[in-house]
Amino acid sequence: MAAHTLNIYMLSLGRMHCHIYGRNVHKALNRATYATALSTNNSSPNKGFPDRGSRGPIIRRPRREEGEPRKDRMPVDQDWTAVYPTAAPFRPGSVPLPVRMGFPVKRGVPPEKKGNLELIKIPNFLHLTPTAIKKHCEAMKLFCTEWPSALDTNVKCDEHFPIKIECKDYVSAGTSIRNPSARIVNLRVKLSSLNLDDHAGKKMVKLLGERYCKETDIITIITDSCPVRQQNYDYAMYLLTVLYHESWKTEAWESEKTVADMEEYSWEDSPSQKNALSTLVRMQIAGEVEGDAVRDKLLGRPEVQEYRESVIRLMNEGESESSILQYREAVKKLLKL
Amino acid sequence: YVSPTNYVCFLFANLVGSIGLNTCRNRGIYTTLRPFRLTLSACLHTGTVVSSQPSSTVTVTEEPDTLYQKVSVLVKGHDKAVLDSYEFFATLTAKELGVTLGKVFEPPKNIERLTLLKSVHIFNKHRVQYEMRTHYRCIELCHVTGSTAQVYLEYIQRNLPEGVAMEVTKTAMERIPEHILKPMWKDLPTDPPTEEKPNQ
Chain A
1 MAAHTLNIYM LSLGRMHCHI YGRNVHKALN RATYATALST NNSSPNKGFP DRGSRGPIIR
61 RPRREEGEPR KDRMPVDQDW TAVYPTAAPF RPGSVPLPVR MGFPVKRGVP PEKKGNLELI
121 KIPNFLHLTP TAIKKHCEAM KLFCTEWPSA LDTNVKCDEH FPIKIECKDY VSAGTSIRNP
181 SARIVNLRVK LSSLNLDDHA GKKMVKLLGE RYCKETDIIT IITDSCPVRQ QNYDYAMYLL
241 TVLYHESWKT EAWESEKTVA DMEEYSWEDS PSQKNALSTL VRMQIAGEVE GDAVRDKLLG
301 RPEVQEYRES VIRLMNEGES ESSILQYREA VKKLLKL
Chain B
1 YVSPTNYVCF LFANLVGSIG LNTCRNRGIY TTLRPFRLTL SACLHTGTVV SSQPSSTVTV
61 TEEPDTLYQK VSVLVKGHDK AVLDSYEFFA TLTAKELGVT LGKVFEPPKN IERLTLLKSV
121 HIFNKHRVQY EMRTHYRCIE LCHVTGSTAQ VYLEYIQRNL PEGVAMEVTK TAMERIPEHI
181 LKPMWKDLPT DPPTEEKPNQ
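Sequence lines, in order, name chains A and B. Going letter by letter, the first sequence gives residues 1 to 337 in the UniProt record's numbering. Going letter by letter, the second sequence gives residues 1 to 200 in the UniProt record's numbering.
Rather than coming from a laboratory, the hints here were simulated on the basis of the structure. The reader is advised that the hints may include incorrect statements.
Which chain B residues face chain A? A few, computed with CB under 8 angstroms, are given here [as the list claims (entries may be wrong)]:
(1) Leu83
(2) Glu87
(3) Phe89
(4) Thr93
(5) Leu97
(6) Leu101
(7) Val104
(8) Leu114
(9) His143
(10) Val144
(11) Tyr155
(12) Gln157
(13) Met166
(14) Ala172
(15) Ile180
(16) Lys182
Some chain B residues judged to face chain A by a derived CB distance under 7 angstroms, without partners named [as the list claims (entries may be wrong)]:
(17) Pro108
(18) Ser147
(19) Thr169
All of these numbers come straight from a predicted model, not from anything done at the bench. For glycine and all other residues, C-beta sits at the position ideal for the given N, C-alpha and C.
Here chain A stands alone, though its shape is the one from the complex (with noise of 0.2 angstroms):
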């Protein structure tokens, strides 16, 4: 009799089964029916459940009942950050307020915040209240020190601190915490800053080439070659050392600078120079001895020297309205036009 319950209770499992499991359920549980006499009664406390075999029967936990949602527990003057102490996903039991996200159906509104799936997507500030962030702010104000009063405008910071090294930190998620360019270092000097001559300061502009900007005065050294930061900075130390020590020493080939490697144009043994003298010999009354003196009392004219001067302006600052202006003016005066 109870074999006979048995079979019917296995037929009626594989039949409700067979369209799901496939071919392979149906075949076992029809060898199953023949071989009723020896089958062991393995029902499990599920009904319609599958056999777990080995694994045992699931245990369902029965279900506990819902409390009283937070929210309509709260009061008004409660401490939030009891709530939400820490970043925490979006609980709508938790949350009072009536808010609603995502697409509306049509004719509707956006769905509401119970199961909503949107609003627990999206990064929530729920624990970074204003409260929040003043109590975090007292407590972390220990560790923070002050700006000294005396380095309050730029141009004193300038003068004290001259180099400037920046350098750039990364945050970001990825299977790596580690950004390679974090390692570069930049050191910014002005050139004026440092204790150097005259022909210290025109060596080290040659030394530097690119690194150095004419217009701002400014000598820029990035460093990356080296795989941590401290030794890049550390490099961009030595380099600093290295051209300003360079720099003040004068080598033999150093003599050997031409008119073509000078940075500026000086009017003293140049053609320019030369070309108004004889000119203005040639105008002299012939009567004149030449020599050097009338050399030197020709270069000591006023005239002489403005011509020198425009020509210098226009050399080093290129041409412009006033510069050529000022050019024509000084010629005039030198030929007695």
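Assemble the complex: chain A is given as a structure, and chain B must be docked to it using the hints.
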């Protein structure tokens, strides 16, 4: 330079070391990362205040504080509303900690578009287009000391929301080092160098 006491450092060093922040790890000037945050969060859970015993948690070292002329925090994200909230949080924190704010502005967004084939095989005329929008927000702080900068940045970075990346540019000011103040060649200018150069 302000830091918590050493025993606290030792206790929490392991925990803090595992929380990876790419800030200041390679600078030789600083000591280990500040673990004060953990003591703070423990206190916040229970609601007690740290300042009941300030002297035991804070130590002041003699090494001079670095001075940052400018600290620029650039946050990048896909959602503008999240960046808006984060900006409000960062600016309020700066005000509360007494840090002078420079500019707070929004660099223009960057949209990267891809046009890919819709189907796995053939159908070249049917494509699908994707775009990735990156919004930016920049918060500049002026005249910050090293301790304050580290406190502020660590707080900001621990509360960085999911899906938001940050790039911090710190401009530190330094004096000219002693070996660059004067030229070291005793007899200028034609003597060959006999002394060793420093930092070699």
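Output the numbers, in ascending order, of every earlier hint that fails for this structure.
1, 2, 6, 7, 8 and 17
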